[in-house]
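Participant: As given, the protein sequences belong to chains A and B, one line each in that order.
Counting along the first sequence from 1, when you hit position 144 you're at 154 in this note's numbering, and nothing is skipped either side.
Counting along the second sequence from 1, when you hit position 45 you're at 71 in this note's numbering, and nothing is skipped either side.
Hints should not be assumed to be uniformly reliable.
[As the list claims (entries may be wrong)] For lysine-lysine, the following DSS-like pairs were computed, each having C-alpha atoms within a straight-line distance of at most 27 angstroms: (1) B:Lys-42 - A:Lys-77; (2) A:Lys-15 - B:Lys-243; (3) A:Lys-126 - A:Lys-71; (4) B:Lys-42 - A:Lys-71; (5) A:Lys-98 - A:Lys-137; (6) B:Lys-32 - A:Lys-110; (7) A:Lys-106 - B:Lys-73.
Keep in mind that the hints were calculated from the coordinates and are not lab data.
Computed from a predicted model, the values in this text were never measured in an experiment.
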Amino acid sequence: MILVKDLSIERSNKKIFENVNLSLGPGKIILLKGKNGSGKTTLLKVLLNLIEPSSGVIYWKGKLLKKNLYNFFNHVTYIADRTSSLSKLSVQENIKIWTKIFLSNISNSQIENILKTLKLDIYLDQKVNSLSFGETKKLEFLRLIIENKKIWILDEPLSNLDNESINVIAQTFEDHRSKEGSIIFSSHQESEINVSEEVLL
Amino acid sequence: MMILNKIISFYYREYKLNLSGFQDILTNIIFFFVSIFIFIFSIGPDKETISSIGIGIVWTLLLLSSTLSLRKFYQDDFENGNLLIMHLNGLSFGFIAILKTFSHFIFVQIPFLLSIPIACILLNIANDELIYLFSSFAIGSFILSCLGSISSSMNLMNQRNFLLGSVIVMIFSVPIIIFSVGIVSLEENFNSLISILFGILLIVFAINPWASGLCLKLSLENN
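Please model the entire structure based on the sequences and the hints provided.
Facilitator: Dropping the structure here:
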């Protein structure tokens, strides 16, 4: 579905990475590995067409990504390394806003089940700013299910999570893979997530 | 139909956000009225003087009060990544700028619009002038929202000197003040002056999505 060919990025005359090639198809999980500053987030931003690459091209369904951008966005969920939940609102209000914004058909019982799995069900009426960073991060993952899209792009999804939560995420990734979904995520830490390909930056 | 649902859900989100930050809107209104009182106390009890410069005072304070909220225009959504999420949800940066500008007008400027009659009583402004002030502010405030959108989007990466945004808005609002105050004081030229004001609105409204959208994209790119 996504094909990246000879991608290079240079910013302020500094080479960040060069000649990166990858292909992300159905049922595939790609892990971007590298130290801090190696360009993992930059590569994800290039995939989202936020940064112009110095050279190289990205194709989406056989066409240039740039010319097919909003069609691509219809299939993508992006989870950044920060949380997008609105801190002044409660967990429940945030979920309600997400379901409305993403025109989601997810049922309340499905949401309840996921919240129970993530152990967030007890915080439903609490404001997000009273949750810990790890808990807000887990809440963010709910967006993956609410948006219900084929391609997941995640920036450092495992940081600040305990082992139990990482296992839940790993299981969620497996479920998505089994439904022919694709995932590309960055991480600088070792995990037990079963990936199809590792790209070292 | 899908885009309409997205717009409705966008405003539902804005409504929830503004409701949770209602104290900010209230603080702006309080600032506006406290400033009116300061003007009244500093000018003295002469009704004639107060009513002759009342329109100018109201417009100046409306401008200052509405620039107070500019920092919040895009900053929160930029920092928590919601701008990017909106974009990935199929809204172009220019369209996000238009939606945010309307949101600013509804949740920040309309409360001021509703406060104008009370301000007119305090400043001894005649009832027949109220309608002129009201109509000039309805258009002028939307121009201020458009200018606010441009200056705040330009200022997103500027972490050190946020007042620059307010200064930009104030410089560009000079013609708005001239024509808006003119509408009230030169009643016989109402139609021509309101047309000029409306013309300025159309120009700024056309520039806003293009300029703000570009600044939003650049800020996200360099974030």
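Participant: Could you work out which of the previously given hints the structure breaks and list their numbers from low to high?
Facilitator: 1, 3, 4, 7
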